[in-house]
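Chains as they are written, first to last, in the numbering used here: chain A, 1 to 376; chain B, 1 to 376.
Because the hints were derived from the structure by calculation, they are not lab data. As the structure is a computational prediction, the values presented were derived from the model and not from experiment. A couple of the hints might just be wrong.
Estimated spans, in silico, between C-beta atoms of each pair [what the hints assert, rightly or not]: (1) B:Arg266 x A:Gln357: 24 to 30 angstroms; (2) B:Tyr321 x A:Asn208: 45 to 51 angstroms; (3) B:Tyr321 x A:Lys248: 23 to 29 angstroms; (4) B:Asp19 x A:Asn208: 56 to 62 angstroms; (5) A:Asn69 x B:Glu294: 42 to 48 angstroms; (6) A:Gln71 x B:Pro31: 39 to 45 angstroms.
Each residue gets a CB set at the ideal place from its N, CA and C atoms; glycine is no exception.
Number of protein chains: 2
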Amino acid sequence: MDDSRLIVDTKYFTFTNHDRKFIFDSGESLPEITIAYETYGVLNQNRDNAILILHALSGDAHVAGVYENDQRLGWWDSMVGPNKAIDTNKYFVICSNVIGGCCGSSGPSSINPLTKKPYALEFPIITIFDMVRAQKYLIDHLGIDKLLSVVGGSMGGMQVLAWAALFPDRIQSAIPIATTLKHSPQQIAFDEVGRQAIMADPDWCDGNYYGLKIPQRGLAVARMIGHITYMSEDSMEKKFSRRLKDKKYSFSFMADFEVEGYLRYRGDSFVKRFDANSYLYITKAMDYFNLSDEFLFENEAVRDVRFLVISFNSDWLYPSYQSRAIVNLLKSKMINSTYCDIDSNYGHDAFLLEVDQQSHIVEHFLTNTHNLCKKD
Amino acid sequence: MDDSRLIVDTKYFTFTNHDRKFIFDSGESLPEITIAYETYGVLNQNRDNAILILHALSGDAHVAGVYENDQRLGWWDSMVGPNKAIDTNKYFVICSNVIGGCCGSSGPSSINPLTKKPYALEFPIITIFDMVRAQKYLIDHLGIDKLLSVVGGSMGGMQVLAWAALFPDRIQSAIPIATTLKHSPQQIAFDEVGRQAIMADPDWCDGNYYGLKIPQRGLAVARMIGHITYMSEDSMEKKFSRRLKDKKYSFSFMADFEVEGYLRYRGDSFVKRFDANSYLYITKAMDYFNLSDEFLFENEAVRDVRFLVISFNSDWLYPSYQSRAIVNLLKSKMINSTYCDIDSNYGHDAFLLEVDQQSHIVEHFLTNTHNLCKKD
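Pulled out of the complex, with its shape left as it was, chain A reads as follows:
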């Protein structure tokens, strides 16, 4: 094994409504909330080298490295680690699973301490702001007054923007990647069809499937729809073209084309690691997200946040024009912001795959930001 590979473990932070008041945007509350998180590197004495990474729809707290007994690499290990763009030799990196998720943080599959049963749809509908408010309590708990940066792609980028809106005085900088101020109706439509596929599965049972058969067919279809939107037409052409799995057409409804086999495989493997109700909750949170100007600039402290906005020119799920809208808004308010539209063939997946160019840009931005905050 690579000696420089990080060995990490997942930690848990639990708070009750008694410790820290937490009212969801829906108006509801829970007796207690747990956040699963991982940290990498060391918090320096000035406590000014902490970076919070926010994950996308199907991500988790495991952003980098491996576990002692599980060699599965973190989802952004290419960008986070010793001597990487987000250098864990220099920075103290934190990544937490969003509330509503299914990878350790409180979500619909968590046990309700009052009933001793999974919440299922009794779990409150969440928003991106709810996710961020819970993260803020984690940051408090870790004793960090000001984060050097908040960084994330896709839904992670929405959380970055929500941090800037809700707690601008707690961040030096913000790096929203391949994201948007709000979902367009087309983005809502793709999410809604995924949700409909899950809710159409009779095994979904109005969300009460825990301990029973899971709605795997519906969730697999939802994931397949997602995968189409994550790739560019061109990257699909390069990866699959019209290549057949066997040499000729099956003249049946078997998967004839490699792209069909790929989608089926991705659908089937997803259901083994992801909870269908979490899929519903998290996509709904994304659809609800709508960062209006008024809200973003309500707290004057946002004017001191430095922004790096990144998009990828083949991303048709979160097209570059949505990132330009973020930049235009920031520039119109004279906020320090840099924009990079990276040339890439990978579509939306580029934020996970386009390592070289992204590394270069992110690394320099973080170094500059850190130098600036040292001067302050």
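Assemble the complex: chain A is given as a structure, and chain B must be docked to it using the hints.
Chain B alone, transformed into the frame defined by chain A:
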């Protein structure tokens, strides 16, 4: 009622393998095949004014006018009728339901005369070429030696191209609209997810649901996916934006946004009129379609066919570059072809909705073609 409105009825043409040999591309055959069709206008004495219209995935033979007892307008009534682009005062217009379909022509929901039960998945897998070979027998039956034109959008355009490849000596001209020489992996992927949604529905029962509960949830999801691809991002924005059905978020999994309500409605209404197995068969036929150059030019007679190729610049399901590929291929072989990329906001739906510009172009092309063939 508008006096100029056509009153039509559906006719049926049935042939047996004894009458006319019909081997599907799969190698299979059926004891008999029925084609449902409608005609409009009058075949002239020279029998040179007949136009065959080919329908898309969910279309049928009812291209124009109304029935005596059903005021439902045909699916291209805006383009076909007295004094319209495809003028039924001048032309004899024919439209037939594709085999594999569920609107009168033989398909998986048809009764197998040998078993007296619906074929279900015993129906042979069909190809676009199979559809066209069956149409050719209908044209023979109608006593038409040479069609003035074959016209169709989307899958209808694939049939147009297949006519040019298989029976170029039977057509004067061809108008493929918003179509392609072959599906890209992205187009296959969208179709495959729709099929997976249907086949994941336990009510599908391996296709044997006739007389029982139909797989309506799966078919509705498939249709919703389709609808997203038929509209442009921009037309969705114009039609729905982020407007809510009620004034505020429901904080539930109800349809919050108008676009969600629209998709659910379109899904639910589709299942009332369309057979899920036909959806599987027809999408598979589209995915299999791959018109290689060699095949298109095998029969020299194609060099005498005049082509009008039309695309719409906001169509992202069958993007303009796919129509340009058709034109490039034709031009490279010195075949008479005209290309129009129509400026439209409607996405793929434009071939049904963008009436004015399309009418102008199609009307003139047909008039010119008819004048040329009169001279011959």
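**Q.** Beta-carbon spacing of A:Gln71 to B:Pro31 - inside the hinted bounds 39 to 45 angstroms or not
**A.** Cβ of A:Gln71 to Cβ of B:Pro31: about 59 angstroms, so the range 39 to 45 angstroms is violated.
Q: Could you say whether the range 45 to 51 angstroms given as a hint is met by the Cβ separation of B:Tyr321 and A:Asn208?
A: holds, 48 angstroms
(Q) Given a hint of 24 to 30 angstroms, does the C-beta separation of B:Arg266 and A:Gln357 actually sit inside it? (A) Given a distance of about 41 angstroms, which is not inside 24 to 30 angstroms, the answer is violated.
(Q) Looking only at beta-carbon atoms, does the pair B:Tyr321, A:Lys248 fall within the given range of 23 to 29 angstroms? (A) holds, 28 angstroms
Q) For the pair A:Asn69 and B:Glu294, does the Cβ-Cβ distance stay inside 42 to 48 angstroms? A) With Cβ atoms ~57 angstroms apart, the hint is violated.
Q | 56 to 62 angstroms as the expected CB spacing between A:Asn208 and B:Asp19, which holds or is violated | A | holds, 58 angstroms
Of the numbered hints listed earlier, those contradicted by the structure are 1, 5, 6.
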